[in-house]
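Asks: Spelled out from the first residue to the last, the chains are:
2 protein chains.
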Amino acid sequence: MQQSFQNRIPKTSSLRRYLPILQWASSYQRSDLVGDLLAGSIVAIMLVPQAMAYALLAGLPPQVGLYASILPLIIYGLLGTSRTLAVGPVAIVSLLVASGVAPLTATDGSNLLQLALTLALLVAIIQTVMGLLRVGFVVNFMSHPVLSGFTSAAALVIGASQIKHLLGIRIPSGEFFDTVWHALTHLSESNPATLIIGLGSIAILSFFKNSLGKWLQKWGVAKHIALPIAKSAPLLVVLLGSLAVWLGQLDQTANVAIVGTVPAGLPSLTLPSFAPAVWQALLPTALVISFVGYMESIAVAKSLASKRRQKVEPNQELIALGIANLGAAFTGGYPVTGGFSRSVVNYDAGANTGLASVITAVLIALTVIFLTPLFYFLPNAVLAAIVLVAVAGLVDIATLRHVWHYNKADAASLLITFGAVLALGIENGILVGVATALLLHIWRTSKPHVAVVGRLPHSEIYRNVLRHQVETCPHVVAVRVDESLYFANTKFLEDTIWQLVYGSADVAAVVLIGTAVNHIDASALETLETLNHDLRDAGVTLYFAAIKGPVMDKLRDIGFVQQIGKDRFFMTTHDAMLTLNCWQNGNK
Amino acid sequence: MQQSFQNRIPKTSSLRRYLPILQWASSYQRSDLVGDLLAGSIVAIMLVPQAMAYALLAGLPPQVGLYASILPLIIYGLLGTSRTLAVGPVAIVSLLVASGVAPLTATDGSNLLQLALTLALLVAIIQTVMGLLRVGFVVNFMSHPVLSGFTSAAALVIGASQIKHLLGIRIPSGEFFDTVWHALTHLSESNPATLIIGLGSIAILSFFKNSLGKWLQKWGVAKHIALPIAKSAPLLVVLLGSLAVWLGQLDQTANVAIVGTVPAGLPSLTLPSFAPAVWQALLPTALVISFVGYMESIAVAKSLASKRRQKVEPNQELIALGIANLGAAFTGGYPVTGGFSRSVVNYDAGANTGLASVITAVLIALTVIFLTPLFYFLPNAVLAAIVLVAVAGLVDIATLRHVWHYNKADAASLLITFGAVLALGIENGILVGVATALLLHIWRTSKPHVAVVGRLPHSEIYRNVLRHQVETCPHVVAVRVDESLYFANTKFLEDTIWQLVYGSADVAAVVLIGTAVNHIDASALETLETLNHDLRDAGVTLYFAAIKGPVMDKLRDIGFVQQIGKDRFFMTTHDAMLTLNCWQNGNK
Chain Y
1 MQQSFQNRIP KTSSLRRYLP ILQWASSYQR SDLVGDLLAG SIVAIMLVPQ AMAYALLAGL
61 PPQVGLYASI LPLIIYGLLG TSRTLAVGPV AIVSLLVASG VAPLTATDGS NLLQLALTLA
121 LLVAIIQTVM GLLRVGFVVN FMSHPVLSGF TSAAALVIGA SQIKHLLGIR IPSGEFFDTV
181 WHALTHLSES NPATLIIGLG SIAILSFFKN SLGKWLQKWG VAKHIALPIA KSAPLLVVLL
241 GSLAVWLGQL DQTANVAIVG TVPAGLPSLT LPSFAPAVWQ ALLPTALVIS FVGYMESIAV
301 AKSLASKRRQ KVEPNQELIA LGIANLGAAF TGGYPVTGGF SRSVVNYDAG ANTGLASVIT
361 AVLIALTVIF LTPLFYFLPN AVLAAIVLVA VAGLVDIATL RHVWHYNKAD AASLLITFGA
421 VLALGIENGI LVGVATALLL HIWRTSKPHV AVVGRLPHSE IYRNVLRHQV ETCPHVVAVR
481 VDESLYFANT KFLEDTIWQL VYGSADVAAV VLIGTAVNHI DASALETLET LNHDLRDAGV
541 TLYFAAIKGP VMDKLRDIGF VQQIGKDRFF MTTHDAMLTL NCWQNGNK
Chain V
1001 MQQSFQNRIP KTSSLRRYLP ILQWASSYQR SDLVGDLLAG SIVAIMLVPQ AMAYALLAGL
1061 PPQVGLYASI LPLIIYGLLG TSRTLAVGPV AIVSLLVASG VAPLTATDGS NLLQLALTLA
1121 LLVAIIQTVM GLLRVGFVVN FMSHPVLSGF TSAAALVIGA SQIKHLLGIR IPSGEFFDTV
1181 WHALTHLSES NPATLIIGLG SIAILSFFKN SLGKWLQKWG VAKHIALPIA KSAPLLVVLL
1241 GSLAVWLGQL DQTANVAIVG TVPAGLPSLT LPSFAPAVWQ ALLPTALVIS FVGYMESIAV
1301 AKSLASKRRQ KVEPNQELIA LGIANLGAAF TGGYPVTGGF SRSVVNYDAG ANTGLASVIT
1361 AVLIALTVIF LTPLFYFLPN AVLAAIVLVA VAGLVDIATL RHVWHYNKAD AASLLITFGA
1421 VLALGIENGI LVGVATALLL HIWRTSKPHV AVVGRLPHSE IYRNVLRHQV ETCPHVVAVR
1481 VDESLYFANT KFLEDTIWQL VYGSADVAAV VLIGTAVNHI DASALETLET LNHDLRDAGV
1541 TLYFAAIKGP VMDKLRDIGF VQQIGKDRFF MTTHDAMLTL NCWQNGNK
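Sequence order for the protein chains is Y and V.
Just so we're aligned, residue 1 is where the first sequence starts under our numbering, counting upward by one.
Just so we're aligned, residue 1001 is where the second sequence starts under our numbering, counting upward by one.
Just so you know, these hints were derived from the structure itself, not from any lab.
Just so it is clear, CB atoms sit at the ideal spot from N, CA and C, and this is done for glycine as well.
A hint or two may mislead.
Computed spacing ranges between beta-carbons, pair by pair [stated by the list, open to error]: (1) A281(Y) to H1533(V): 39 to 45 Å; (2) H1533(V) to M571(Y): 36 to 42 Å; (3) H1458(V) to D537(Y): 44 to 50 Å; (4) E460(Y) to Q1029(V): 48 to 54 Å.
Let the hints inform the model, and build the full structure from the sequences given.
Replies: This is how it looks when you write it as structure tokens:
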């Protein structure tokens, strides 16, 4: 049987595995091109303003966001196993960049760009190495509640960081609560023109996001026309905002902050820092970006791929994102990953292959070469509005409510992560969250469900005495423990058994039922040896029933079965109870 | 049934719970006194030299060890639930004290005593609070392999710390490898008289420890005479060593280091430091002492109690040890706990109640009042020999061999802890060990055993296709996962299922079998929702079979069952396979 199951997994040559383009390029059809062209173009329309806005969020000049949207996208198009993932700057990674480089930035900001490049290089190394070592699974140590709490808090932090652009005031950099407090106490200093442009942009973006799509659908507009229109809102507010400033000379008359000169032309080759001290200082941030970026990316890639019964290969995805970041590091960009909203649009617009990603990159390159003068009058408030509307949806109350209802420990880890990110900052917050989730898991399994069982009358079925009307046997306690036995819970089991034994002078035997025990670690084994020994000293004999095959193999292998005595292990609970003379008339 | 099981646990009034002396004092019998007197006296004979030796190990004057053996023992006698535990200075806690106070000690050592008192106070607070909060179970997060690796490495570190006393040379304080290297390269500078006294003491102690007991038994010497003789070796070498120095004036002629003046009289009231900075600096050490000390203590207390079918109450033990340490903090002592070897002797000598502990304390008090002049000529090398022989048995190769054979992950955590303690020091080492064990546990459960199952012919029993000759069904994959589903393994399960689905275009249904799933956390629930959704998009239906009652309750409660559809949940795997038309002739 082993053979046939292995055959089910399609064989891939290693060249094809590491260069997924070979899988789709050879079978590329003309019909694929229509979807790729449309999707690539719509994503480019979204990406131009978003890339500039996210660069602003990261504390970088707007062109850095555009540069990060050229070579990385081409690389991902060639190496990625998802055919619809749209890679580029995203909000949370941009926030992480901002918080990571801020403490290292020289007062004149001269090294800011190089720090961002270095961060991209470190992320590239981490992700590629993780992919090659095939250890992508470690990102799973961040639980969904932790990720949800982190994302919600990060969205609030991002929102807070954009208030200054929206109000047109200066806010000294600081933690979340400081920023919000400062903004609230300086509301009256807002720049009216900036505020009007910002709020107007938010209104337009919200309308496009929430209502326009449905209206166009109701009016029967064809999808390939409706989709570009619905998704052009960021571009529209960019145009309207720039036009307003230019016509009204608002940058001079009303002191509206604008983007200013964006250099024209493709990025030149850039070099990140190779100073060990810089690497060491940026490493924690790079690790967090590598993990969080990958998780965001793989989640949407998997979800979209499954809709077409396609497959994404997690470790190759790490390599593809890693090398895309390498591209960003050497072409004036900053860390990138697969973004949720643009990927969904890419999919909806019919992207069939990585070519869509390449088309987006070409359009961004053309924008950088020819269109940057158009962005001179672009108000920062418009970019802030784009960020705010994008992250507003990330604050996730529904998950909290759901998780709270389902499992209080999970809800606690969500809330602790949320609070820690706001109070301790973005990186410490996520560390606290991950540690909390791990410890809560250990804590939960350290007090497993233990049931004393009895026999359902006239049967061989044993059930919890607290839940069922069952027959018990005064001199035998049959205990089922619903958890693997390992160091954190083994003492709990021991205490529980002693409590049952001490409770009655009649008890002469304890039967430990192993139907739910998937593993017994060395600590638990030692505890079982001690327990057996101590129970014997107390005049009580320990028996085992229904131990699973692989667990039994290990117990036999280490000599535990021989030490205890083979006759004290039974295939089933019923066998044990019969042998211990519990039911006088046998199998009645 | 609930009622009857609760009745099995004996009710104790809360006064009796917190003052266990009330349990034995009211029923104290004259026959108990013989055992208590003999045991208390023998333990005192052992404790006088050990207490001084361990104080030396902790870097403290010898009388501190004696002071720590008076009030704390009386307190434990009144509050402890173990009737045979012998509390006082022990080797590993003394080492922890040495490593914890060393970095804070003034160059003239003037604040050393106060730091030790403060450490005792902090340990008192931590243990008492843990006991009152009933969270003693958290000490279980240290697994047996971690504890074994820690103990072995600590024994080596202790041994290394005593070399200087044995050789009579100066060794600058440093980490383990530095100390050993320095000793090896300065062997030729040894003080011959000191070395002879030290090695002679080791020879005598080893003979008494390994051979004398058996000989006395063979010669038919009664136990109540043989035991005091066998256990008087430390006292004997103290007398012989002191005599040799006094007679030969070796302290002056041969430069043998001696204990010197030990102040006479009971300790006066002492005050620990209450400076927040000192508390903060000592807190990590205090935490480690609280945990390690409690673990050593509770292990031996439980083991001895079970032999007489008595009970120790873990949380009351924490309170008793905590208040014993409070006593140490205010009477010139340092942190104490229940020691292994003295407790076993106490038990063997027939200690019946806490009165034995009180008798030991009275004898130590009399020693401090009347006998301290006798210790003037005591060579440090004798105390070093006592420590060395005591810790030699702690290096534990057998556990490593056993664990290595049983479980490589456990063996790895043992070796990593061992190496980390030697290389990084005693406290960092234990932290590394605990973190390693937790992460290895998570790692193990993150890749659970997943079996594709088929039907044993002509039965309703389903078994792993790789292990048994079973019938499978081409359009249905039945998967059993042998682990609870939670955030660290949920993606692994998802990937495994997709691999099976992608491997064949025939698959139309996946049956997930939950017989070994004790818990599904919020992350796993979300993954199941996503998986169900994505599989549906791929034309595959997800079914569930044999989900456990409590898990099913939660899934129903959160609406998952209704969302998926009740008809997709089956009581047994066989029900599912029949409904999915796997076996054309039904239950053949």
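Asks: Between E460(Y) and Q1029(V), is the Cβ distance one that fits in 48 to 54 Å?
Replies: The hint (48 to 54 Å, Cβ to Cβ) holds, given that E460(Y) and Q1029(V) are roughly 49 Å apart.
Asks: Is 36 to 42 Å right for how far apart the beta carbons of H1533(V) and M571(Y) are?
Replies: holds (41 Å)
Asks: Could you tell me whether the CB distance from H1458(V) to D537(Y) stays inside 44 to 50 Å?
Replies: For H1458(V) and D537(Y) the Cβ distance comes to about 48 Å; the hint holds.
Asks: Between A281(Y) and H1533(V), does the C-beta distance stay in 39 to 45 Å?
Replies: holds (42 Å)
Checked against the numbered hints above, the structure violates none of them.
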